Each structure stands twice: as structure tokens, then as C-alpha cells.
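Given the sequences, and given the hints that come with them, work out the whole structure.
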Amino acid sequence: MSSQKTGWHDKKWTKWSNFTLKQQKTTIKIHLIVINTIKCIKIQN
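Just so we're aligned: the sequence shown equals residues 133 to 177 in our numbering.
Hints were generated in silico from the structure; no laboratory data involved. Predicted model only: the values in this text are computed from it and were never measured. Among the hints, a few may not be true.
Derived PhoX-like pairs (lysine-lysine); straight-line CA-CA distance at most 20 Å [stated by the list, open to error]:
1) K154 <-> K144
2) K147 <-> K157
3) K161 <-> K171
4) K154 <-> K143
Estimated spans, in silico, between C-beta atoms of each pair [to be verified]:
5) C172 <-> D142: 43 to 51 Å
6) K143 <-> N177: 48 to 56 Å
7) K143 <-> Q176: 46 to 54 Å
8) N168 <-> G139: 38 to 46 Å
9) K171 <-> F151: 27 to 35 Å
Cβ coordinates follow ideal geometry from the N, Cα and C atoms, glycine included.
Printed below as a string of C-alpha cells:
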């Protein structure tokens with residue numbers, strides 16, 4: 133019984149950690165885009 137619970141928890145945890153990794157990568161991309169945009173605006177001004 134407990135082994136099944138652990139397996140289910142591991143699967144859920146893996147899904148969750150994969151999801152967070154994707155989220156982090158997306159956030160980093162957005163940050164880079166924002167930084168580049170700010171640089172361009174500063175150069176134009």
C-alpha cells in the first residue's frame with residue numbers, strides 16, 4: 133500500500149518539477165527580452 137503511494141507521489145513530483153523548470157526557463161527568456169528592450173530604449177534616448 134505504502135509503496136504504491138510513494139510511486140504515485142514520485143510521479144506527481146516529477147511532473148511538478150518538470151513544470152517548474154519550464155516556468156523558470158520562460159521567466160528567464162522574458163527577463164532577457166526585457167533587459168534587451170531596456171538597453172535598446174536607453175541607446176535610442
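Hints, one by one, checked against the model:
Proposed proximity of K154 and K144 is supported: the alpha carbons are some 16 Å apart, at most 20 Å. Only pairs whose Cα atoms come within 20 Å are accepted, and K147 paired with K157 is accepted, the gap being roughly 16 Å. At most 20 Å may separate the alpha-carbon atoms for a hinted pair to count; K161 and K171 meet this at roughly 15 Å. Distance restraint check for K154 and K143: the Cα-Cα separation of roughly 17 Å lies within the 20 Å cut-off, and the hinted pair is therefore satisfied.
Range check, C172 to D142: Cβ separation about 45 Å, and the 43 to 51 Å hint holds. Between K143 and N177 the CB atoms are about 52 Å apart, so this pair conforms to the stated range of 48 to 56 Å. With their beta carbons about 50 Å apart, K143 and Q176 fall inside the hinted range of 46 to 54 Å. A hinted range of 38 to 46 Å holds for the C-beta pair N168 and G139, which are about 44 Å apart.
For the pair K171 and F151, the beta carbons lie near 31 Å from each other, so the given range of 27 to 35 Å is met.
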